[in-house]
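S.K.: Chains G and X, in that order, are what the protein sequence lines are. So the first sequence is numbered by my numbering: it starts at 319 and just counts up by one. So the second sequence is numbered by my numbering: it starts at 319 and just counts up by one.
There's no promise every hint is true.
[What the hints assert, rightly or not] If the Cβ cut is set under 10 Å, some of the chain X residues that face chain G in the computed set are:
no. : residue
1   : G372
2   : P587
3   : M591
4   : E611
5   : F652
6   : P657
[Claimed, not checked] To be clear about the criterion: a stretch of chain G counts as covered by chain X if any three or more of its residues have a C-beta under 8 Å from a C-beta of chain X, and this derived list gives those stretches:
no. : stretch
7   : 556-564
8   : 604-617
9   : 622-630
10  : 676-683
Hints were generated in silico from the structure; no laboratory data involved. Here the structure is a predicted model, which is why all the values come from computation and not from measurement. Here a beta-carbon is modelled for each residue, glycine too, at the ideal position from N, C-alpha and C.
If you want the building blocks of each chain, they are given just below.
There are 2 protein chains.
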Amino acid sequence: MRTVNIGIVGIGTVGGGFVRLLQLHHDDYVRSYGVDLRIARACALDPARAEELGVSDVFTTDWRDVTGDPDVDIVIELIGGMHPAVDIFEDAFAHGKHVVSANKAMLSGEMGRLAGIAHANGVQLRCEAAVGGGIPIVEALEHALAGNSILTIAGIVNGTTNYMLTRMEREGLSFDEVLAQAQSLGYAEADPTADVDGLDAAAKAAILATIGFNTRVTRDDISLVEGIRGVSLEDVRVAAELGYRIKLLAIARRTSSGLDVRVHPAMIPVEHMLASVDGVYNAVYVVGDAVGETMLYGAGAGSYPTASAVMGDVLELATPIAHDRVPLPEAEPFPRVEPIRPAESLHDRYYIRLTVADEPGILAEVAGVFGRNGTSLQQVRQHGGSQGSTVQIVLVTHRTLERDVRASLDELRGTAGVAAIDSMIRVEDTQAWKRDAIEASSRV
Amino acid sequence: MRTVNIGIVGIGTVGGGFVRLLQLHHDDYVRSYGVDLRIARACALDPARAEELGVSDVFTTDWRDVTGDPDVDIVIELIGGMHPAVDIFEDAFAHGKHVVSANKAMLSGEMGRLAGIAHANGVQLRCEAAVGGGIPIVEALEHALAGNSILTIAGIVNGTTNYMLTRMEREGLSFDEVLAQAQSLGYAEADPTADVDGLDAAAKAAILATIGFNTRVTRDDISLVEGIRGVSLEDVRVAAELGYRIKLLAIARRTSSGLDVRVHPAMIPVEHMLASVDGVYNAVYVVGDAVGETMLYGAGAGSYPTASAVMGDVLELATPIAHDRVPLPEAEPFPRVEPIRPAESLHDRYYIRLTVADEPGILAEVAGVFGRNGTSLQQVRQHGGSQGSTVQIVLVTHRTLERDVRASLDELRGTAGVAAIDSMIRVEDTQAWKRDAIEASSRV
Chain G
319 MRTVNIGIVG IGTVGGGFVR LLQLHHDDYV RSYGVDLRIA RACALDPARA EELGVSDVFT
379 TDWRDVTGDP DVDIVIELIG GMHPAVDIFE DAFAHGKHVV SANKAMLSGE MGRLAGIAHA
439 NGVQLRCEAA VGGGIPIVEA LEHALAGNSI LTIAGIVNGT TNYMLTRMER EGLSFDEVLA
499 QAQSLGYAEA DPTADVDGLD AAAKAAILAT IGFNTRVTRD DISLVEGIRG VSLEDVRVAA
559 ELGYRIKLLA IARRTSSGLD VRVHPAMIPV EHMLASVDGV YNAVYVVGDA VGETMLYGAG
619 AGSYPTASAV MGDVLELATP IAHDRVPLPE AEPFPRVEPI RPAESLHDRY YIRLTVADEP
679 GILAEVAGVF GRNGTSLQQV RQHGGSQGST VQIVLVTHRT LERDVRASLD ELRGTAGVAA
739 IDSMIRVEDT QAWKRDAIEA SSRV
Chain X
319 MRTVNIGIVG IGTVGGGFVR LLQLHHDDYV RSYGVDLRIA RACALDPARA EELGVSDVFT
379 TDWRDVTGDP DVDIVIELIG GMHPAVDIFE DAFAHGKHVV SANKAMLSGE MGRLAGIAHA
439 NGVQLRCEAA VGGGIPIVEA LEHALAGNSI LTIAGIVNGT TNYMLTRMER EGLSFDEVLA
499 QAQSLGYAEA DPTADVDGLD AAAKAAILAT IGFNTRVTRD DISLVEGIRG VSLEDVRVAA
559 ELGYRIKLLA IARRTSSGLD VRVHPAMIPV EHMLASVDGV YNAVYVVGDA VGETMLYGAG
619 AGSYPTASAV MGDVLELATP IAHDRVPLPE AEPFPRVEPI RPAESLHDRY YIRLTVADEP
679 GILAEVAGVF GRNGTSLQQV RQHGGSQGST VQIVLVTHRT LERDVRASLD ELRGTAGVAA
739 IDSMIRVEDT QAWKRDAIEA SSRV
């Protein structure tokens, strides 16, 4: 058994958790897996942090000392962002080192290209920690579920927004109130854009689609990315009345007209497993043609949960190395084999809340607009009482094309008597996700 | 890329699903993973089945034709039972072949010994399909969660009993009614013992504990195995009133006094993720010291879900073989490092339903018996009205030792005025499972 040398770049929240986890369990890994892990290099900006973590003796401020160290077997990149993260990957691969990372933002654009470089250099790129924190979803898609044609992936992959939606629902707080509280508790950043505008979830959607469908989907391929800023407390309440909960979902589906990849708030039935995922927790629901419905649930962020995923990747690489084997290199990455379906071709159901003039016939007029644009309604109803001269209408469509709904909303904007289109939230047909699985299973 | 040859023994429900899944996706595996899988040998008793599956040309009735075939790389054992399954493993290993199996009953006793033989022969034993059907729980415990000290595993791992409990709860059917219906639908066997008496769940508990704790736990080590025959519709109803649902759980926990491994019906709070797992679905909840709480959910049985897990194992082995690498051999199996805690040392909460004489003072007398035996009660109440000369009492204890509860029940059996002890169901302290995780996480 030989010692496996780790070079770590970034010893902040996740990196520090990794260092402490290794200190706690080093001897367990020797005993259980025959793997002796050693931190051979630790790179960060602040020597005091290295001191605190007990890695001063291997500390450097230059990441090239890590990627270029001939003793280092595995480089862990945990600094995030574009540069120098991407340079660290490239230099580590060039030096024949495997890379483990949690960098979803960078990988959502660069994964395909970097996997190609890893493949060419005979090493691996592993990123379990990039999606769902400690939830073993990347491994499941790559390995245990590899025998399936994956049909649907739907994930709650952003803990901040799920925490906010949960508190809005449970405590009747507004978006602004709950955002301020999340910020004060450290669950949301001072600039919450990446979370609340869906950008973080979109990065994870790109990674999930890439791995799940053996194709290449980048963040920029996803045209439909909506966050939760437009979700009002009123919508959360009406959703509950209708038997739904609102969740920010990262969805990737295989359809006959291409890959349907998108991020937006969605109403899902309260009985669906995803609807029970509360607070900062994450979950990824996967339908495979053979396995049917599965769901993996857990902590989507945090120091130790994320470090757990990083350690899983490290141990996976270190086990063969410790036993003088060479880990299998990264598989040759695939070009995109399936087109991405444009968002306007989405076939979904829609919840729409409008403020209209409190006049007879307005409800029929609104319904008429949808009808003329090819959308049939499952329900239309007045919501709440009259607010002076206006009243609210809530409607839910049957399955229809997004472009037809958008045409209806455009027409309504020019309609006398329609004061405001307050919200439009997609209503996911979770039964269709399930039917796909059963049909596919009966076919095999 | 070289062809990887599969020898399959057993082409019934799961084996047939595997053959069909391979036929459906063979070309996808070539394209996606560079793996060309071929069924080189198929062994069964019935040539008509081989005909039906299109594998007549490689059909044999002698399993030694499979294990001894020099072309075969991977042997899949899907016949179940003890013999010749165990002989197939041994002969395949002796011939340097990897074995993939779903045989939980046999592996729950023999896994440690067989893993040792696999290790000695430089090959792997893989059994993802043995627990939770298509749910990737074995892989998660072995790989992605390998960096954790696993604290708690609690699984709904028997779909038949979960289906029965779900229907009892939803439709108010009795155990006997729902068993008869499950049998007519094919969800329960003509002899339902393995399912309803908890034996199948106990086999899976042994495998989960062995893998999760890197130790050796066999089916015979588990002294507390209770099925759901003792769960009456009345208990299901009272549980709902108390805010619980009754699930048959396979539990394995690391405690300061040894491993706590057991199978029994348990009341768990309706809010807990495991409580939402309905029908034939399975789920395994895992708490790791770093990752915290996670749960994996999916189809626990069935032809294609189980074949999905078998295919995941096969692809994992076949990927290096196809690329002229030798898969890492099975790790050296560990002897038991932690003792199994005896069931009577269990520290749990208990729900007890009694039929007692409808007389003043009886409730106080019953409470007194528990008090004298060191058990304090969280609630005692009369349940329902008087039934002639008797009445029912329901009580729930605080956390207490199982041996003290048993002593109380023994004393009550000899108490005048106690007509019957109708049921005793453990009430799991799921908050304690969670607290363990948080405490452990803050420690690392």
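S.K.: With reference to the structure, classify each hint as holding or not holding.
M.R.: Now the hints, each set against the structure:
no.	hint	in the structure
1	G372	violated, 14 Å
2	P587	violated, 12 Å
3	M591	holds, 6 Å
4	E611	holds, 6 Å
5	F652	holds, 7 Å
6	P657	violated, 17 Å
7	556-564	violated (count 0)
8	604-617	holds (count 12)
9	622-630	holds (count 8)
10	676-683	violated (count 0)
Of the numbered hints listed earlier, those contradicted by the structure are 1, 2, 6, 7 and 10.
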